[in-house]
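Asks: Whole structure, please, built from the sequences with the hints as guidance.
There are 2 protein chains.
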Amino acid sequence: MNVVIVGLGEMGASLACDLRKNPQIKLIGVDRDVASLAYARKTSLVDQTSQDLAEVATQADLIILATPVESIEQMIEQLGQLDLKTTVIITDAGSTKRAIMAQAQQFLLPKGITFIGGHAMAGSHLAGVQAAQMGMYRHAPYFLMPADEQAASRVDNLKVILAPTGANFITMSVDEHDDLMAVVSDNPHVIAFALMNSSVNDLGKSQDFGQYVAGGFKDMTRIAASDPQLWSDILLSNQGAILNNLTSFRQALDQFQRAIEDSDEETLLQLISRAQISRQNLLIKRENND
Amino acid sequence: MNVVIVGLGEMGASLACDLRKNPQIKLIGVDRDVASLAYARKTSLVDQTSQDLAEVATQADLIILATPVESIEQMIEQLGQLDLKTTVIITDAGSTKRAIMAQAQQFLLPKGITFIGGHAMAGSHLAGVQAAQMGMYRHAPYFLMPADEQAASRVDNLKVILAPTGANFITMSVDEHDDLMAVVSDNPHVIAFALMNSSVNDLGKSQDFGQYVAGGFKDMTRIAASDPQLWSDILLSNQGAILNNLTSFRQALDQFQRAIEDSDEETLLQLISRAQISRQNLLIKRENND
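Going down the list, the protein sequences come from chains A and B. Once you know that position 105 of the first sequence is 105 in full-length UniProt numbering, the rest is easy, because the numbers rise by one and skip nothing. Once you know that position 20 of the second sequence is 20 in full-length UniProt numbering, the rest is easy, because the numbers rise by one and skip nothing.
In short, the hints are calculated from the structure, not lab data. Check each hint, because a few of them may be wrong.
Any copy, or any two copies together, can satisfy a pair, since identical chains are not distinguished.
Claimed, not checked - DSS-like, lysine-lysine: derived pairs with alpha carbons at most 30 Å apart:
{"no.": "1", "residue 1": "K159", "residue 2": "K218"}
{"no.": "2", "residue 1": "K42", "residue 2": "K159"}
{"no.": "3", "residue 1": "K159", "residue 2": "K85"}
{"no.": "4", "residue 1": "K218", "residue 2": "K205"}
{"no.": "5", "residue 1": "K111", "residue 2": "K218"}
{"no.": "6", "residue 1": "K205", "residue 2": "K159"}
{"no.": "7", "residue 1": "K159", "residue 2": "K26"}
All values derive from a computational prediction rather than experimental measurement.
Replies: Below you can see the structure in the form of structure tokens.
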């Protein structure tokens, strides 16, 4: 079986490390960067490399697009124009899904090509082929979003091929995925950014008050150091779900504010207890992976 | 020199571990719990133990009150009625300071007794004498709040005695301390509680959506698992500063909300970049301790 991975960055190269474990898979790495391809060959990360997707796509049984979102969109259009195997599965690794699914709708589905959107919640702050890490996806949530019924019927095929990652595969619709991301990822970033900014407004430069903070503040603001362009793109690509969840967060915050204003200890105890129990239960099923 | 530590819980017992390093100090441990005192003697954590503060307080050169806040308040009243050494320094380890400082004002200052409020941002989720840990205070912010000018003139004496902790001592007023805590500790807790509660409102039980979350959400909600009674007490003891900072946080959140609503990428990039740089600078001076 021929698996083409486009983009040998941290996500794609780590996927290659895991898929190596299956001797039935021939791995073909595609990247614009010659040095990355040379490194991938030298370290036997893949069996074959190419700078040109068109050159290798037609032999592929599975094509994994693991580049930035804009580039994924362009490649979907390009792939729609090639003479691919009728049984090929195309998937991606983009963290925002709506635009990518729209491209698949326009360029792949009319030609009967199977597209299953993918989004794994894994990765570090590192980048590039040298950040490749075997087991990076282990136990990580890995969302699969089939573009149509035909794609839905082939999700199990994709899971079997990706099984060496050890990821926790979850199939859902794009809308469900985007609503979920608003709550568990997008808004936590917005809140961390806002907390960092308001703290600086109140206390002055962070290099001056940093000596006064403990683990709680550091944890709460860790993701505030995320990449501005990436997160601006993500937040603008999921506006509706984010704004809905922000309203919900503000309501929860209002409850605390009123209880503090009213010195209402009973309500405060209830609100904090609810949060405490929910947080304690959050990791019950996967305690060992925290 | 006789140092009395009242309360051999995690904070007091860990302090004892560090003060042991100074052979000039005779450590006297006071606790209501007989088993804790027996453990402290058996492990040579202290040189002498007592269940009765009054019995050992009059010989003390330094008294460290490391019990829950309410009990600290009661002991300050009790100490004001004893015939202490004129040179004694009394300090505490309570995380909320206003009520404690008011007690010192009422019962100690009129008798010329030196009181220096203390608050170390250290500790784990563990409790009790067996959680004692040498070096627990190392590099931790340790706030010292002298109750009057006489106390201010003796802060350096206290720092010399506590030096074996390796803590990062910072002298400030109670008001400065409470404003700072609102920003770096109290409101981060409120936000974590609210985020946990709104996520459950939007997604249902946490044991069901826990499998979908990544490190960012876990970090942002870790302190939401904090003790309800402790945090209800803290939030209600620092209402003014917390409500001020909540307003500031909401303004920062509003800026993000407007930029997302308006698809204003330029503003969003600026807001996120400001947060990113501030977070990167937060740990510049103490990177090694993160």
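Asks: Checking K218 and K205: alpha-carbon separation at most 30 Å within a copy, between copies, both or neither?
Replies: both (15 Å within a copy, 27 Å between copies)
Asks: Should K159 paired with K218 be assigned to within, between, both, or neither, using CA atoms and 30 Å as the limit?
Replies: between (37 Å within a copy, 26 Å between copies)
Asks: Should K159 paired with K85 be assigned to within, between, both, or neither, using CA atoms and 30 Å as the limit?
Replies: Close inside one copy (19 Å), not across copies (75 Å); limit 30 Å.
Asks: With identical chains, the pair K159 and K26 could be close in the same copy or across copies; at 30 Å between alpha carbons, which is it: within, between, both, or neither?
Replies: within (17 Å within a copy, 66 Å between copies)
Asks: For K111 vs K218, is the C-alpha pair at or below 30 Å within one copy, between two copies, both, or neither?
Replies: neither (50 Å within a copy, 42 Å between copies)
Asks: Is the C-alpha distance from K42 to K159 at most 30 Å within one copy, between copies, in both cases, or in neither?
Replies: Classified as within: same-chain Cα gap 29 Å, cross-chain 58 Å, threshold 30 Å.
Asks: What label fits K205 with K159 when the C-alpha limit is 30 Å: within, between, both, or neither?
Replies: For K205 and K159, the Cα distance is within 30 Å only across copies (27 Å; inside one copy 48 Å).
Of the hints listed earlier, the one the structure fails to meet is number 5.
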